[in-house]
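J.: As they're listed, the protein sequences go chains D and C. Residue 20 is where the first sequence starts when you use the numbering used here, and the numbers rise one by one after that. Residue 20 is where the second sequence starts when you use the numbering used here, and the numbers rise one by one after that.
Take the hints with a grain of salt, since some may be wrong.
For identical chains, the list gives no copy identity; a pair is met inside one copy or between any two copies.
[Said to hold, decoys possible] Straight line, CA to CA, 20 Å or less: simulated EDC-like cross-link-like pairs of lysine to aspartate or glutamate:
1. 215 <-> 229
2. 321 <-> 34
3. 231 <-> 348
4. 335 <-> 45
Hints were generated in silico from the structure; no laboratory data involved.
There are 2 protein chains.
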Amino acid sequence: MRIAVDAMGGDKAPDVVIEGTAEALELYPHIDIVLVGHLQKINPLVRNYGLQNHPRLTLVHAEQAIAMDDPSISAIRAKKHSSMTLCAELVHKGEADAVVSAGHTGAAVAATTFRMKLLPGVERAGIATIMPSTKGHFVFIDAGANVDCKPLHLAQFAVMGEIFARSMGVHRPKIGLLSIGEEDVKGNDLTKEAFKMLSSMPINFIGNVEGKLLYERIADVVVCDGFVGNIVLKSSESLAKALSFWMKKAFKKNPVRQAWAILATNAFKELKEVADYEEYGGAPLLGVNGVCIIGHGSSSPKAIKNAIRVAGEIVKFRVNEHITERLAECGVAVKQQ
Amino acid sequence: MRIAVDAMGGDKAPDVVIEGTAEALELYPHIDIVLVGHLQKINPLVRNYGLQNHPRLTLVHAEQAIAMDDPSISAIRAKKHSSMTLCAELVHKGEADAVVSAGHTGAAVAATTFRMKLLPGVERAGIATIMPSTKGHFVFIDAGANVDCKPLHLAQFAVMGEIFARSMGVHRPKIGLLSIGEEDVKGNDLTKEAFKMLSSMPINFIGNVEGKLLYERIADVVVCDGFVGNIVLKSSESLAKALSFWMKKAFKKNPVRQAWAILATNAFKELKEVADYEEYGGAPLLGVNGVCIIGHGSSSPKAIKNAIRVAGEIVKFRVNEHITERLAECGVAVKQQ
Chain D
20 MRIAVDAMGG DKAPDVVIEG TAEALELYPH IDIVLVGHLQ KINPLVRNYG
70 LQNHPRLTLV HAEQAIAMDD PSISAIRAKK HSSMTLCAEL VHKGEADAVV
120 SAGHTGAAVA ATTFRMKLLP GVERAGIATI MPSTKGHFVF IDAGANVDCK
170 PLHLAQFAVM GEIFARSMGV HRPKIGLLSI GEEDVKGNDL TKEAFKMLSS
220 MPINFIGNVE GKLLYERIAD VVVCDGFVGN IVLKSSESLA KALSFWMKKA
270 FKKNPVRQAW AILATNAFKE LKEVADYEEY GGAPLLGVNG VCIIGHGSSS
320 PKAIKNAIRV AGEIVKFRVN EHITERLAEC GVAVKQQ
Chain C
20 MRIAVDAMGG DKAPDVVIEG TAEALELYPH IDIVLVGHLQ KINPLVRNYG
70 LQNHPRLTLV HAEQAIAMDD PSISAIRAKK HSSMTLCAEL VHKGEADAVV
120 SAGHTGAAVA ATTFRMKLLP GVERAGIATI MPSTKGHFVF IDAGANVDCK
170 PLHLAQFAVM GEIFARSMGV HRPKIGLLSI GEEDVKGNDL TKEAFKMLSS
220 MPINFIGNVE GKLLYERIAD VVVCDGFVGN IVLKSSESLA KALSFWMKKA
270 FKKNPVRQAW AILATNAFKE LKEVADYEEY GGAPLLGVNG VCIIGHGSSS
320 PKAIKNAIRV AGEIVKFRVN EHITERLAEC GVAVKQQ
């Protein structure tokens, strides 16, 4: 199995990416890695981590890199030799089984959609994030690949999410639709139509999931459009940061409590592991014809290493083949043009 | 000033509503209250709180009450004698200046929209919630009144939010549009059109506000459609609950920490006040022809008391007159049919 890693993607690239790659090479002997980036920048780091003659590492030069603030689609069009584009091309040409990037999410979506194309029957790709809840974890799709959705897209996301949850061992995943009330008549035009479609599919559809129950995992897979998904995900990160800020402030108000604040910090660290994306390594972009894992921009080496592991698992479980089959079974595959 | 209070609205109604009313009567001598509910149920409580002969309290009998799980619009149609409907009628007939209800949000929106109608120039009403941030508070509109929005509705919400922020002393409120990226080209079809409209209005529009910065108050007013607004608000409540759960669990892991957990609870209580809706008493439904404050279903007496205070402030500041004028100034008033 060969995984292409975008060495230039992420806030602290290429350093943390190469450190994560080194960890992955050591831990996962079944995975070969193709590191794609500007050789002048990555070669010294490759030597630093003692990887210059590693038998399972190949380096591929990319003249360009996509910056975090580049506009996504135009960046992909303008930067034809970017590391992200080359990674997608390697998968498209069969020279790699998957791509991992912690770079610009929009650019990763655009590059893979343009170069690798979509799976047969798929009309839009969706980002499947793993979210924490008080009762374990759940799959949240679409976390931001596709902002203007039709009901069919949500139905396809449900299938992709179902297969992804199965790949993680959930036997018959419960699928919920993110909406504003429990009853089928509650929602906006999009979700009301999607509700009907999901109800008619041979999946374990449990109906609407309200925002107020999101973090209690009443479903294994929660489906929404990418606009709502991105905002829920990002505002949740923002709130968690704010709550930690308020908590520290409350502790500091009282001088006696200040000492406890230090101890509380230890509890916070454990908490971080409950909720942290690092453990899950990144979110697969499902629906593209190839495997693509998108890491958080602020990925640590550990997150990169885990993203490589997750990519390997998705290839091994043949998630894409299962998605294609299941879309047809559920009657929501579109005819190819 | 007379405020109609829906005695039957809320999870713990009528008890907490009457307790909150008693507090408001004592604290706000300029406010008269009309308590609307089933007299058989409210009379004993009114006596309990020593309000039976209160010179500034009037009781109005309502044969019906809307349950929290009634479907909103049909409930309002079916229950013409509900306390919520009668409150809205009192305002419509000029017998009260405002209505306060901690009941079913959808029913409150439906009852006030049907009975009180909308303000001249307004096409949809929006719920304006006050949200906490690490740098104070901001107005978040629409928190769930109107799920399928046109760009014009978001433009009108911006004006309503601006006037509401002004009523709380913000001189020239910064208005942001909740979206998925900072640039004007980022967003869905709705927000991209709304962005253009907001840019052309004589307001202090600062552009898109991303989810990741929501709780850092880069704007005084954040505008979104009611579907997104409801989900962001409710999923934030859900996450705050989950974080508190994880925190307690992390504390309990270590027996020494257990003692500290008790102390941490005190810090949590203070935190609750930073973030708590109780202090703000409820969210005004803006755009209806009359003042309506919607409280949280789980309102405490303190929240009810504060909702009554906020209703009084909105009446006093003549928020509705300002909204009508400002919609015209901004060129986003619709012609009445």
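J.: Work down the list of hints and note, for each, if the structure agrees.
T.: Each hint, compared with the structure:
1. 215 <-> 229: within (17 Å within a copy, 31 Å between copies)
2. 321 <-> 34: within (12 Å within a copy, 54 Å between copies)
3. 231 <-> 348: neither (32 Å within a copy, 38 Å between copies)
4. 335 <-> 45: Cα proximity of residue 335 and residue 45: one copy only (19 Å, versus 70 Å across).
Violation of the numbered hints given earlier is confined to hint 3; every other hint is satisfied by the structure.
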